[in-house]
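K.L.:
Let the hints inform the model, and build the full structure from the sequences given.
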Amino acid sequence: MAELAEKTEAASPRGEAAGTPAVKTVELTKRFGHTVALAGLSMTVPRGEVFGFLGPNGAGKTTAVKLLLGLLKPSSGEGWLLGRPVGDLRTRRRIGYLPELFRYQGWLSAAEVLALHCELAPLPRSSWKDEIGGTLETVGLSDRANDRVSTFSKGMQQRLGLGAALLGEPELVFLDEPTSALDPVGRHDVREIIRGLASRGTAVFLNSHLLSEVEQVCDRVAVVDHGRVIASGTMDELLGGTAVRVRATGLTQADKNRLSGYGRIDDEGELMTFANLDADRVPELVASIVSMGGRVYEVAPRHQTLEDRFLQLLDDEDKS
Amino acid sequence: MPPLLVIARLTVQESSRRRLLLALLILTLIVVGVSAWGFNKITTVTRSDGTPLPPEQVSLITSQLLIVVTFMFSGVLALSAAVVAGPLISGEVESGLLLSMLARPLRRSEVVIGKWLGLAALVAVYAAGAGGLELAAVDWATGYLPPHPVELLVFVAAEGLILLSLGMLLSTRLSGITAGVIALVAWLMAWIAGVVGDIGTGLQNQALQNVGVVSHLLLPSDGLWRGAIYAMEPDTLIAAMRALGTAGRANPFAAVDPPPIEFLAWVALWFAIVLGASIASFRTREI
Chain A
1440 MAELAEKTEA
1450 ASPRGEAAGT
1460 PAVKTVELTK
1470 RFGHTVALAG
1480 LSMTVPRGEV
1490 FGFLGPNGAG
1500 KTTAVKLLLG
1510 LLKPSSGEGW
1520 LLGRPVGDLR
1530 TRRRIGYLPE
1540 LFRYQGWLSA
1550 AEVLALHCEL
1560 APLPRSSWKD
1570 EIGGTLETVG
1580 LSDRANDRVS
1590 TFSKGMQQRL
1600 GLGAALLGEP
1610 ELVFLDEPTS
1620 ALDPVGRHDV
1630 REIIRGLASR
1640 GTAVFLNSHL
1650 LSEVEQVCDR
1660 VAVVDHGRVI
1670 ASGTMDELLG
1680 GTAVRVRATG
1690 LTQADKNRLS
1700 GYGRIDDEGE
1710 LMTFANLDAD
1720 RVPELVASIV
1730 SMGGRVYEVA
1740 PRHQTLEDRF
1750 LQLLDDEDKS
Chain B
193 MPPLLVIARL
203 TVQESSRRRL
213 LLALLILTLI
223 VVGVSAWGFN
233 KITTVTRSDG
243 TPLPPEQVSL
253 ITSQLLIVVT
263 FMFSGVLALS
273 AAVVAGPLIS
283 GEVESGLLLS
293 MLARPLRRSE
303 VVIGKWLGLA
313 ALVAVYAAGA
323 GGLELAAVDW
333 ATGYLPPHPV
343 ELLVFVAAEG
353 LILLSLGMLL
363 STRLSGITAG
373 VIALVAWLMA
383 WIAGVVGDIG
393 TGLQNQALQN
403 VGVVSHLLLP
413 SDGLWRGAIY
423 AMEPDTLIAA
433 MRALGTAGRA
443 NPFAAVDPPP
453 IEFLAWVALW
463 FAIVLGASIA
473 SFRTREI
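Heads up: the sequence lines are chains A and B, in that order.
Residue numbering for the first sequence is 1440 to 1759, as defined by the numbering used here.
Residue numbering for the second sequence is 193 to 479, as defined by the numbering used here.
Hints were generated in silico from the structure; no laboratory data involved.
All residues carry an ideal CB built from backbone N, CA and C; glycine is no exception.
Be a bit skeptical, because a hint or two may be false.
Said to hold, decoys possible - Label-pair ranges, simulated between beta-carbon atoms:
1. Asp1586/A x Pro247/B: 58 to 64 Å
2. Ala457/B x His1473/A: 42 to 48 Å
3. Pro1563/A x Gly335/B: 56 to 62 Å
4. Ser1592/A x Leu409/B: 50 to 56 Å
5. Val268/B x Asp1586/A: 32 to 38 Å
6. Ile369/B x Arg1529/A: 34 to 40 Å
7. Thr1474/A x Phe445/B: 51 to 57 Å
P.N.:
Here it is, written out as structure tokens:
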């Protein structure tokens, strides 16, 4: 097997200029035995953009990040970060990473963990004090700077990991499920941090299955399922349709199946949500329900949420 | 500081913060104190007629007892090295500790060599410190000092480093507990194979002798232990065993000859091969 992740020379002339994308992949594929974890991922993330990488558990999101960081070796395909081939050591000086499986030296203090990452980054020693102090402040751990990490809750450890990823003002930050251990306040803080990164031009690659979180901070998203990107685009492009919520009684399952011609139904008993249904067809839908003997109590057209769209995409993918 | 030395420092720091060094220090002081008391008792033993043992006999008994104590000491050192090295890489891969570090401009070879250097320094310092303390205690208690104390400590430390290196190589691919157990079993098998080789020497059976030779090549821990024994034996004892011919060489707690220079060169090469294999193995490991 070829050596992983330690290239020091660029293998391709592509994207050497400063204007190159933050992330670019071409047919990036990863197989584990007979299992395809990532199937031909091709995408581009411009610099300064907050990019959401969505998908259900096991879709291949973390595999993609690990491939981009050189922790896994691709089965085929290529990738570039900041214009340099994946695995380039010099590029890693400009990248931050919060792993999904975040774990830090429990026998060090929070400030010592950050100092270690400053040293490995490497950042000039004269800047460490300010970097560490500022980062602890940003992630809300200033008052625990000298406490051992082993005494931290999971949420605090995730905050520390986020802080380590922010050290040295990286040009590109990978955040893999950055709020999985955080409470609502922590999630809000992370969203603010991501917005702050975007405002100073840092590209953020956000892996998440928390759709509301992605919806609030991302410029563009890609939805991945079974290792393949099944949709991508800006939020406006993805959420262009209207969803209609209907509360009705007296419908059998067979009736509901017949109504699926109006679009994918998120069936919650009396409450049904029709994804991506044109508002002009709402009267026709209500007439159909009534003709089936149903009694309609509520009809509420609304903009499609990312969750509506996400579920619809996965449903379409399963059917295909 | 270069990344390699950062990792080495971190490894030493972890041992210190986790109180491994403190535990070893306390245990060593207890063992050295008790053994000094025990060695001192040899000087007070009297014959049946009530006269004390002559100095030559005290030295002989002390040298033999010291070999047994050193066997225990080197065994504990080797076992500890294997147990600590077993999860050295795999433990941090499985826990996720290495994920954020390897996303830094850090080569995997620097992780492997840095961790090895850190633990190797601990093994060497502990072997020199604890072994030196024990020898000083024995000297104080009985007036006996082995003929080659420095060589003794070097061989004991090298045996520990062999187990450390083997455990770390296995740790690049296997879980910590599996790597540690395999390293321990390999160490015991190498010792037993060395004994089989001794029996082959005593019986002048070439096949059995070859078992010992091959085991010394595959895992040189027993060969190094024989070097430690030789460094502890008084010249009179060595002369007496040489006079016995092949029978004098069939003893797992005795060595008639020092390890040949070719074997020592092989040990150096063995370290290079195992460390190189560890780097190659970890470089291709997917995390």
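K.L.:
What hint numbers does the structure not satisfy?
P.N.:
none
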